[in-house]
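For the protein sequence lines, the chains are S and F, in the order given. Here UniProt numbering is used: the first residue of the first sequence is 1, the next is one more, and so on. Here UniProt numbering is used: the first residue of the second sequence is 1, the next is one more, and so on.
Honestly, the hints are just simulated from the structure, not real lab data. Please note that the accuracy of each hint is not assured.
One side of the interface only, derived from the structure: several residues of chain S facing chain F at Cβ under 10 Å [what the hints assert, rightly or not]:
| id | residue |
| --- | --- |
| 1 | L65 |
| 2 | T104 |
| 3 | Q158 |
| 4 | M301 |
| 5 | M343 |
Below are the DMTMM-like pairs computed for lysine to aspartate or glutamate, each with C-alpha atoms no more than 25 Å apart in a straight line [what the hints assert, rightly or not]:
| id | chain 1 | residue 1 | chain 2 | residue 2 |
| --- | --- | --- | --- | --- |
| 6 | S | K101 | F | D18 |
| 7 | S | K101 | F | E183 |
| 8 | F | K193 | S | E167 |
| 9 | F | K211 | S | E167 |
| 10 | F | K244 | F | D186 |
| 11 | S | K163 | S | D180 |
| 12 | F | K172 | S | E159 |
Note that CB positions come from ideal geometry on N, CA and C, so glycine has one too.
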Amino acid sequence: MRFRTQLKDSRTFSKLTASLSSLGKVCWMRLEYEVVRFTIIPDQGTQVWASIPVSTIFDETTYELESNSDAINIEVNISVLNRALRSSWGSTHTQLRLTKKDRTPLLALTVLSSEWTDGNMALATNNDQNGVNNRPNSATGDTTGERGPRERQTCITQEVPIKILHEAAVEGLHEPHCPDPEVHIILPNLAQLKSISDRFTKLASTDTKSRQPGVMALDAPGMHSASFNGSGASTAATTLSTNTSPKLELSANMHGSLRLAIATDELRIASVWSDLVNPPLDPEQMSQEQISQLPSEQNRMREAREGDESGWAKVRIDGKDWSRVLSIGRLSPKVVACFINEMALVLYVYLPSTQDGAESCLTYYINSFTT
Amino acid sequence: MTSLSLSLSPPALVQLHDALICLSKFSETVSIEAEPDLLRLSALNSTKTGFASFAFEKEVYFQSYSFEAGGDGRGVSMDRFFCQIYIKASVALLSIFRGRIDRNKDTAVERCDMELHEDLQQTECRLTVKMICGLGVIKSYKLTYEPAAVQHAVFDKSKATSMWAADPRFLKQVVEHFSPSAEQLDMYSDSGKAVFTSFTTKITEGKEVLKHPVHTSVAADKRDFQEYWVEENMHVAINLKDFKAVVAHAETANATVTARYTRPCKPLQLAYSFEGITAEFTVMTRGQADGEDVPTSSRATIPRQTPAPVATSVARPRPSATVSMEMLPPPPPRSRSIRPLNGSSTQENLSQRASTNQPLASGLSMEFDALFVPADDDREWDEMNEEEEPQDILGWDASGTQDAFGASIRDAEPTLARQDASRSDEQDDEMGLPPTQRLSQVRRYGLFD
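Make a model of the complete structure from these sequences and hints.
Structural data, given as structure tokens:
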């Protein structure tokens, strides 16, 4: 078993691991000849299956992989790996390899970082002001001599402990099967979507808090709406934690509309995007006839009417979990959301493709909550 | 009656705040020590493995400073005053004002006055802090202090055999690579590279592989240091949190950090000074317990001059009176066997000396140490090792007087000042001289009989 490669794009790799780590700690990383797969299946919440072509993050010419099963399966704490990758920012040479130390398998990251430094960092401020500093600036001829501007090279190694998984251990793991979606739509700018989602989540949680028994009980019912005028509401409320974090309603149709809403007993807020793209399906994967039978294409045919709820597919998702999912936005991907009404939301996240056209895709499976 | 009053300019107030933040990373209480020409703030951590001290010079740092010592009522005249304050209270107090210093607001702080009057007739212990703000606003605060004996870490710079000096920004870059959960920092020099490695001593269960700490090492060019005189391959480890605290503060002060140390399991000092403030951090190091058995030192090649068959053949008893710091691993097994002839008597001498604090005697012994036992681990020099025992641990000079180790410290300073002239020669001195005289020859002078 052997794995060794130079990192080509440590920024992307680092951003990718950062986004993944928000969903769960333990990540199954599967190294293959052409792709690297990252899978996170948390106990609760969204699971993600990512397939990244080797060339997206690694340098193909140095990519070495040897395994009896044509793949290496490892389990790694993805946030730890992410932290380690931070050392590689701005480095010229970063190598990642599989190794062993005291019987513990490791992913060893070796970073050769070089940066320009102006002189030997002589600090003008402190030496001349008082005599306490006893190191003269004029010292010459010692071994640490060189004072001019030069390239500074630092070698950093980060050894991340991992677990090797046998092929048998991962055989039973498959991506979830979902019915055909009713609606598929390209999501708007994720930064915008995220900030609005977060705002809604916050509003909804303020609401849940303020409705804690005993806190607002003496208030007249009319007072509740007033509490949304400012953030002052949260100070009046206790911070009793509720296990049910607020749920967002996300719905879309095949006519380019997406709606994000929260609904509580007291208020209902919605944001609507229109003129979004409902991408066509790949005709290579199925015949035209088959495609036309799909619920989504039938919805596309349906005439859009103002205020008509037919043709919309809706899911209820956990606000905080959704916020974690949207953290993938830092890679500025294109996201196609597939709505399976009242059941699930599947996101296909395509990273900006590299020169050779290899496509990275992350698939998020988000369950819909019932009311 | 003891009275202390001082005034701080707004920039000095910021520096005081920064210093207190740094001290708060060591302890919950800060010790305040007033002397006629300086004010010292220090903190000692709970495991007594780390000591941080900031000395503020009267002339440079303060707008005005006056300290009048009074007798303590027991017939002892005091030339200094000690007390301690709960650090969070003072940090909180200064934080309020820190943000208001730079702004051109009418109510910005213009000056800070502090006053303290210790009167034995009064039971109240209060430090009065007055913030003189714009528009004639004066805000007064009273902080409670308690009288306390101040302990100082003892560190003899002249005996340090390894030292490096580096820019705090460079050190920060190094530190940033370490995982936040890493606990210890190991430093060593390896073929032209200065290597910093983080590790965690926490025992993790074998099954939870993924929870094992990340092992990070950063190898930097020696040229990245302003000075680097470190024994090759000698591993010295300190608490990473302490190191981070020092680096963080040094960076705000933009002052070059100098580290001095000798061997593992002996104290290490990080020091820097700027704008009338001298910061010194003395921390205990750990290292391989068998470090002394490995002939890493170049000085280990010095032929052993005093035959000491007893020392090598007798089973080495581990010193049972171990270092008083719980955090530390057991000290390295030393070959210091208890000798039937003079073992007990040296011990007596030692305790006697410590109790009487004779400046002459301790100064002399120190000098002697420096001259004759530069290789402070050379196990042939048994008596010297006994002498050295107090140096092995991070000792505490609780007497409050500088006499105990003052002699040696004062000796060191002119040496360093002269470095301009003959840098390389001095360096040799600092690194220690090889023995010039056999111990047996010295012994007859009665010092070590």
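Each hint, compared with the structure:
1. Because the smallest distance between the Cβ of L65 (chain S) and any Cβ of chain F comes to about 22 Å, over 10 Å, the interface hint for this residue is violated.
2. A distance limit of 10 Å between C-beta atoms decides the matter here; for T104 (chain S) the minimum to chain F is near 6 Å, and the interface restraint holds.
3. Annotation: interface hint on Q158 (chain S) holds; nearest CB of chain F at approximately 5 Å, less than 10 Å.
4. Below 10 Å, beta-carbon pairs count as interface contacts, and M301 (chain S) has none with chain F, the closest being about 50 Å; its hint is therefore violated.
5. At its closest, the beta carbon of M343 (chain S) sits 33 Å from a beta carbon of chain F; the interface hint therefore is violated under the 10 Å criterion.
6. Of the supplied pair hints, the one linking K101 (chain S) and D18 (chain F) is violated, its CA atoms being roughly 42 Å apart against a limit of 25 Å.
7. Of the pairs offered as hints, the one joining K101 (chain S) and E183 (chain F) holds, with about 20 Å between alpha carbons and a cut-off of 25 Å not exceeded.
8. For the proposed pair K193 (chain F) and E167 (chain S), the alpha carbon gap of about 42 Å is over 25 Å, so the pair is violated.
9. Distance hint between K211 (chain F) and E167 (chain S) is fulfilled; the C-alpha atoms sit about 22 Å from each other, no more than 25 Å.
10. Simply put, K244 (chain F) and D186 (chain F) have alpha-carbon atoms about 13 Å apart, close enough for the 25 Å limit, and the pair holds.
11. About 36 Å separates the Cα atoms of K163 (chain S) and D180 (chain S), which puts this hinted pair outside 25 Å; it is violated.
12. Between the alpha carbons of K172 (chain F) and E159 (chain S) the distance comes to roughly 20 Å, so the proposed pair stays at or under 25 Å and holds.
Of the hints listed earlier, those the structure fails to meet are numbers 1, 4, 5, 6, 8, 11, in rising order.
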